[in-house]
Every structure is written in C-alpha cells, then in structure tokens.
Amino acid sequence: MSRGLAGLRAGLARPAVLRFTAHRLAVVAAVLLTIVLAIVFFGPLLTSLDPHHVDPSQYRQPPSSDHPLGTDSAGRDVLARLIYGGRTSLTIGISASLAAAVLGFGLGALAGMTGGVVDSVLSRIVDVIQSFPALIIIILLAALMGGSMTTLVVSMAALEWPIAYRVVRTTCLSLREQDTIRAARGFGARLPYLLRWHVLPEVVGPLVVVITVVAAVCVLLEAALSFLGLGLPADVPSWGNMLSDARSLTVLKNMPWLWIPPGAAIAGTVLMINFVGDGIREATDPRQSR
Amino acid sequence: MLRFALRRLGISAVVLLGITIVAFAILRALPGDPAEILVDPMAANGNREAAVAAVRARLGLDGSYPAQYLSWLREAVQGNLGFSYGDGRPVTEVLGRRLLATCQLVLTSLVVAAAVATPLGLWAARRRQRLADYVVSAGSLLAISVPSFFLALAAIYVLCVKYSLLPTGGAPSTGTVGDTVSHMVLPVGILAFAMAGPLVRYVRAAAIESLASDYVITAKAKGVGELRLIRSHVLPACLPTLITVVAAQLPAMLGGAVVIEQLFAWPGLGRLTVDSVLSRDYPILLGVVLLIAVTVLLVNLLADLLTAAVDTRVQLEGRAR
Amino acid sequence: MKRIFPVVTLCLVAAFAGCSVGDDQQSGPKDGDSGAGGTAHVALYTQPTTFSPVVTISGADQLVQQLQWDPLFAVDTGGELVPRLAGSWKPNADATQWTITLRDDVTWSDGEPITGEDVAFTFEVYADPSTGSLSTARFANIAGVAEYTAGKADSISGVTVDGQSVTVDLVNPQASFALGIAEPIVPILPEHALDALPRKDLATSKFFREPSVGSGPYVFDHWVNDDKVAFTANQHYRDELALEGVDATFLDSDVAEAQIQTGEIDYAQISAAAAEDLSGASGVEVLSATGGSIMGLHSALESGLLGDVRVRQAIMHAIDRQALVDTVLAGHGQVINTIAFGPNADVPSDVDTYAYDPDRARELLEEAGWDPSKKVRLEIIPGLRDREQVVDIVAGQLREVGIDAEVKRFDQAGLTTAIGDRDFDLTISGYGFFNGDPSSMAGRVRCDLFAPNGSNLVHYCNEDLDQLLEDAEATTDDQKRAAIYEQAQAIVNRDVPVILLFAPDALAATSSAFHGFELNPLPNQAFWNAAEWSKEG
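Which chain is which? The protein sequence lines are B, F and P, in order.
Numbering of the first sequence is given in the numbering used here, commencing with residue 483 and proceeding in unit increments.
Numbering of the second sequence is given in the numbering used here, commencing with residue 1088 and proceeding in unit increments.
Numbering of the third sequence is given in the numbering used here, commencing with residue 4 and proceeding in unit increments.
Derived from the structure by calculation, the hints contain no laboratory data.
The reader is advised that the hints may include incorrect statements.
Cut-off 16 Å, straight-line C-alpha distance, at most; resulting in silico cross-link-like pairs (EDC-like, lysine to aspartate or glutamate) [what the hints assert, rightly or not]:
| no. | chain 1 | residue 1 | chain 2 | residue 2 |
| --- | --- | --- | --- | --- |
| 1 | B | K735 | P | E279 |
| 2 | P | K209 | F | D1174 |
| 3 | P | K377 | P | D407 |
| 4 | P | K203 | F | D1149 |
| 5 | P | K209 | F | E1180 |
Note that the coordinates shown come from a computational prediction; the quantities given were computed from them, not determined experimentally.
Kindly produce the complete structure, drawing on both the sequences and the hints.
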C-alpha cells in the first residue's frame, strides 16, 4: 500500500487484466456486452429502422421478412423499438450509475477524510436512504418531477450513491491513518490533491465494480417503473415500455414476439453487466475470489 | 448509560420530526390538489368549484401549510394519523391491514429463500471450482438479473394460462389452507427466487472462508467428519453474513414487492403507496413514511444502545489480540 | 444487520395490533325465503371505495352501489327507462312539471318503508354543493334549488311530497329530466339513517363505508379486504332473489380475464382482444352490446392551438378511425361523427364522415396556416391499454400530416391540474351515454356549462346551437324535436368540438353457470338487473 504511485499502477494494473481474462465467463460477457452496446448505440446509424413509424394495417403482425421481430400494437417494428429501447434503457443505466459513483466518491471521500460531524451526519443520511425502498421513493420523485429520462437518472443517482459512498469512505478511513497521507498533509497537500493521487487509485477497482452493480440495478429499475406505467412516456421506446404491453394475457398467450425479446434483452444485458462486474471484482480484489 | 439513552432518544425524536416535516413539504410540493382530484373534472356535472371547496374544507386543506402540519402533528402524537382521503377510513386501520399482507408475502419469501440458498451456497463452497460451483454461481447471477415481473409473466403464462394449475392473482380470501397456499405459491416463489440470488453468493463466500480457517483445517486433520464440521462450525460462521445480507436486501425487497403486489393483485403496502401517490392521499402517504421512519430510528437506537453496552467488552477483546 | 429490524419490527407491530388480512368470517345463509342458491363472484374494474353515490359517479363504486341502492328507474339494455322504486313518472304538457309516483311495496332492508320523503331528502343532498355533490347541475333546474343552496330555505320549494307521490316543478322546461337523473344513476338515500348527520360530513361518513341499510337486491355484509366486498341478499327486497349473496372483487383486467377462464369468477368486463380469445373457451359466454360511451380527444379550445375548426377537421381526416376500430377494438365498436349517435339520435343522413384522407388533412392545415414546428401533446392517464394503443397510433398518424404530436403521460393529479389551468392539447377520454336521446349532447357543448362548473370540458360555444337545444327541450312533440335536433347534429358534426374517435361496444364475459345477467351498454350500469341473477349448482 505504501509503494510509490508508479509502482502501484504497474504492479496492480497488469495482473488485474490478467486475472480478469482468466475469468472466462466474464470475458465472454464483456465481449457480448460490447456487441450489445455497439448495436444499441451505433446500429441506428447504419439502418433506416424507424421506431416511431406507426401503421395500423400492420397491427401485431408476427415476424416476417419486412419485420424480423414482428410489429407491436401500433404497427411499429419491434426490432427497431428493441434497438432504440436499448439505447434508452442503457443510457439511463450508465448515466445514473456514473452520477451515483461520482456523488458517492465525493461524499464518501469528504466523510472519510474529514470525519467528525460531517461523517456522522452523512452516514446517518445514508442509513436512512438505504432503509427506504428505492422503487417507492423513485415513484414519488417521478410524480413530483414528471416522468422523463432526466428525472429518472437524477432520482436513481440520488438513491443509489450510498453504495459507492460506503466503499470510498471505508478506504479513506484506513488511508487517513497511513504515514504517506499524514506526510502529504504535513507538506500542505490539499484535499483535491489527496483525492486524485492517493484515494482514487485505491478505490478505482471497487468503484468500477460498484458502477456495474448500480448500472444493472438502474436498468432493472427503469424497466420496473415503465412496466408499472410510471416511468417514461409510452411512445418513447424503452425495454420497460415494451414489456408493459405484455401485461395482457392475449399477448402473453398468442404473441410471444412482443414480450420475449424485450424481456430477454433486459435479463441478458443485466446478466452480462453482472458477470463483467464479477470478473472485475475478482481481478481487483483477490481476497474476495478465494 | 441512562443519560446516553435519553440523549439518543431526544436526537431520534428530533430526526423523526425533521423527517415528517420534509415528507410533508415534499407531499405538498407534488403537483395536483387532492380536492381537485376527488372531484373528477371528467365526471363532475354541476357547481364543481363549490364541490372542490367543500371537499377542501372537509379534508382540512383550507388552512396554511404550517397550520395543516401542526394540526396533523397534534393528532399524530395522540395516535391519530388522520383519515384516508379516498375512503375516509382511519389511516392506522388501512396501514395495519396492508402491512400485514405485505409481511405475509415478504417474510414467507425470505424464509423460503434462506432455506434454499443456504444449502446451495454450502454445496457450491465444498465443490469450489467444479461444475456444481459454476452452475450455482451462474444461477445466482441469473436470479439477480432477471426482472421479477418478466419471470412473473412467464410463470403466469405457463402455470396459470397454459396448465391452469394456480389462480392468477388476488389475496387468499376464503381462509382455507388450500386457498391460501395456492394464492401464495407464485408471488412467494418469484420473490424468493430474486432474494435467493444474492444470498447464495454471500453464503458461498462465507463458507469458503470458514472452510479455509485454521480451526476447520485442524479439525479435518484430526478426522472430524465433514458434515459435522459444517453443522457445528461452518454454518454458524455463515450466519452473521446471512443476516447482514438479508438485512441489506429487505428495503429492496419491499420495492420488488411493489411490482409483485401490482401483478398479482395483492393488497399490500407497496400497492397502497403507489395508489396513494396517484390519488394524492396525503394522510396515507405520511402514515407510510412515518411508519418506516419510526421503525428505522427505533431499531438504530436499539442497535446503538447495544453497541454502547458491549463496548467495553469489544475493546478488551481487541486488546487481548 | 441494522436494516433487518425495521421490517421485522413493523410486522410484529402489525401482528400485535391484531389486524388481519381478509376476515375469514363468511356470511352464512340467513332466515327468510330469499337467497338460497349460492354466491355470485363478480369482478370490478376499479377498486371500490365508498357506497356514497353523492361523491362518486364513476367506476366500480357505481357498480357496488347498484347492488346496495335502488334508483327511481334504471336504464335498460335498449336505453329505455324501466321502473325500480318509481312505478310511474310523467311530465306535464310543456315539460315544466314532473310527477313521480313510488311503488307502495318498497322498503329499506331494515323494514322501514321507502317514501316520497326519502326522494325529497335525496334531491336536497344531491343539489347541495356543500355535501361535495358531483351532480348539482342535474338538479339546478328544479324550482327553489337556488334558494335552498343559498341557505334561504329549509327545503327545495319545487319538490312537493304527498305520500308516495313526488311533484317536481322546473325553472325551464326539460323533457329529458327523468333521463337526466337516471344516468349516471341517482340512488335514493335513506333519510331515517342519514338525517341526523351534518350535511358536510355526510358523503364521507362511516355509514357510506359500511352501510347498515340498503334498498337494492343485495346489501353490504362486510369488507373481505380492501379489494373485495361481500354482499348478502336483502331480506326485505320486493322480489324473490335467487342468490344467497354476491362477492365483488377488484381485479386487474388481465387477472379478471384469466379468472373467468378458470371459473373463479362469474362476471367480468373484458377487452376487445380478450373477447376474441375467450369466445371459444368452454364454460364461458362472451356478451357484446352496442356501447353508449364515446372515446374522443379533448382540447382547451380557447388556448388557440386547436381553436381553428379547420385544424380539428384536419385531425379528423388524419386519423384512420376505422383502422382503430378494426385493430385496437378488433371490430367491436363503430366510428362516430356526432357526439350523440345511434338510430334515436336524429343524426342527419348527410353528415360529414371525415374519411381517412391524409392529403385532405394537409390541405386543411395549410389553409389554417398550421405551424409544423408547434408541439402538440397527446395527454393520457396510463393504465388502460386500449387507450394507450389508440394514442400511440394517433400520434404517429398526426406526425404523418405534419402535426408534431408527442404522447404525454399524466397521472390523475397532473391531468386535473392541466384541465384547471386550461392547458391541454389533445386529452383522450371516454365517457357517457350518447346513443339514446340526442339531448345527451347538451352537457358537452352548451356555453353555460363550461368546465369546471359544467361538463363542457373544451369550452366550445355556439349560440345557435344553444338556442336549438333550448327549443328542443321545450317541446314534447317528437317530430318537431327530431327536426330541431337534426340541425343541432349538423352543427356539431361540422364544428368538431371534440375529436370523436369511436364508440366502443360493451363487452363482458360470464360463466355458463351464471344466469339472468343482461349486458347493459353502459359499463357503469352493468349490475342494473342484479335482482334477476341466479346461479346453477
């Protein structure tokens, strides 16, 4: 822990990559996830699929050569909605988890490095936030601010930062007592400097794991909210909105193309995110992988 | 000690007061006036403004916000949390019924999940790096990743629609054992599946750690049977982890229960909250917040007191090492 | 570790509080000759909350109230009035005075007789806004109501009671008075049980959550849980009843559609898609009737966005309404071009049918100088799948002709606020009873009935139309009336106060063992003939 920064980077980073690649499932998941991200974010640029084009004459048609995954209740192409829906769902998941990580890092470092009243107040707030069921609070916030992508990202970030907070705070608490930090402080190093050069390298591994976990949770939360009809507007393509259609027994029974693709997309993507997170966890924190 | 307890109690009371003020403010900030909602503009036929004014006066919404809050607080300290805007029943009565329904669902699922996850986690730990371990680990990740409503839809399709084995929803109502069980199988099964995912992972990790401990290795060397070891040492060593994880999962489970309650028409707390948000039933929502806050604070207080009581012992043990 | 306790403690608290989920107590058969043949299980499409007809006039509350309370007369499946508590009702020659005579053999479930005094009491409660009444407009035409509500009189001077006979004097002639208090239903309330309560608390008193007195065929027994009410046969009902009781449960439409297949319930309102699905199922009867409600898009006309009639006409042409009926409703409905419709609504034969024609829509928009960059919101309260599908399709088709439409989800609160602020573009809503007498359109178009104090949600106003509607109410001559209404219908057809989409058929499914159920075209009148229900086995 008390090695020089350069040594720390070289010493930790390379074996971490090696350990990650040794985790075969994680590698497969990472490749698949990359493919999904590429399709979802670049696919629309390459094709002319339009997720908004309605056509009542194509009402709930089964898969055909024109519509490889069939059409939905407004005669829209399911494949197009699946791709654009992935864009919505993953954008929410990624931005919310990044925002939560940044917030958790900032506040966690503040609490861990300062201690005292700041620490106990923040930690009490975290206790309270984690005691309340996230979905219910997000429903309230969505009602307060209106269901939009920004609203969802903000409220998810506001509720999911405690995980990152705990990781960072714990690390800071132990770092604070170390000689290097004490010495740096003695030389007049300021908090931002300490965070950048001492805290960040220590927590970057666990933080990436937290980001994957939170991203997975947020994708699921968006899906659940939209499924309940409390999330994004109905005509915005999102995986949750698509599944919301399947609450009808008729669809469930006779039109599998309307509910299996979005359901499988959510489950598959979240599974891959979790596998990758697991791989990173084992790679960066060998203690856990025993 | 008594002084410490009193001081903590005082702080808790202040925090509680703060939470109710914040909750009250948030609720009043929600767009939409409950009196306007109760007099549906799509259906009203007549002097709607007068009707809205009458409703507002009846619900005590015509005073200033601080006055409304104070009158709520005055009643609340006497145990009266007000009356639901929707059906006029006392909030305490509504909450009691719904809470019990949710507990019935969540606690049963929890027991089922723990009963399934513990042996699976132990098994995976013993067969570490072998097929069983990979299957169990991948399965637990799957349980974490599949959205519960998707699973529920699939289950309804297979078990209720295709083979008509189970009722599709609703709370048990006739009171017979068969009725109760058949109504609970699906929602409990799906909740338990989602809960078991993380449990398996943590049990496995704890068991691996325990199996690698000096004590177990020595005992093994002495020829103590593995099953006995697991029962007398590994399992007890996993218990704290199990309890911590279950604790961490519970809030999320209540959230997950919202979706399941909605899908299976289960009259629980989650559905009540969603409905009350939509209809701006402030007394119910304040009641829900208060209920959760009181319990959280009470429990934190107890935990702190316990920690304080055993503090000396902890310090002594720490020094002995 | 800390976080396990909240929930466990909560549960213990609840357990000690002695609450229970679903009382086990079942209402056993009671003495008397009525009700020996089992319990009917019926599905409600919203959660029942109150038996107070004063403050709810929609949703499942109306259904449970139909079991509990009898009105003066009910609307039968053909849209005609049939007797309930009233034996006869008729206007004088110029429709300024109505005489309603109650039957002699009607009693409350506690044995007290139902008399004209109960009717007068009921009218007072409904006419008085301080009770929170949603129906004041329907009673405002009775002479003396203004004085009564202003506190200048102890009773309504225009209502005279003589035993079982009630005479009602009106301010303006109103040939449709009886119809106006038949739909939505105006149940008669028991004066002897309610008179002691202060009027302002009456609507939400405990009595209306757990009524101890009723007049309908099946009366409240207990709440099984928040979603389910148990009813038992009214021992003092005038006719013999076949059932022992009725259980009414709120079920999500999908759950209801599944339970009708599994035989767990005997009746459920169903969606068009499910009707297709269930029509072959064994043990299930699918019932369908031409519906009386309309589905339309509503705009705050004075906001200017859709104030130009050509824009509204363009929207009518831009939407393939027949395709909506064929797909979303699976053919179970009809396209309409006037608010009041059907064979008795005096619709002239040459109305504009606004055929699907995107080019014509673009022309009209151009004429009106439509700005294609203007955003138009399609507002919807999510939850009703048919409506969500309609809105998705409509949004797409409006974009095709150059109207930048986007779907906006509102909860009830948000929508109510938007309506109060007069800030809504195209709000989808369905309601009403418009396939009978054409007088039904009046509430939606008259200048003096602007929302919020009337049901003219869009603030449409045309004085010529108002004059025609007034003239029609003043005549009881059918031919003259029809001629006037034809002119009125032509105006509504041309002006498009509401973007009319279609009139959905009423659809329901019953179990084969359930008899006597007659499907009413009005969803909130579904239990209109509950006294005739019976069940095999």
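Hint-by-hint comparison with the structure:
The hinted pair formed by B:K735 and P:E279 meets the criterion: a straight-line CA distance of about 12 Å does not exceed 16 Å. With a C-alpha separation of about 9 Å, the suggested pairing of P:K209 with F:D1174 holds against the 16 Å cut-off. A hinted pair counts as satisfied when its Cα atoms are at most 16 Å apart, and P:K377 with P:D407 qualifies at roughly 6 Å. With a CA separation close to 15 Å, the supplied pair P:K203 and F:D1149 stays within the 16 Å bound.
Restraint check: the Cα-Cα separation between P:K209 and F:E1180 comes to about 13 Å, which is no more than 16 Å; the hinted pair holds.
In this structure, none of the earlier numbered hints is contradicted; all agree with it.
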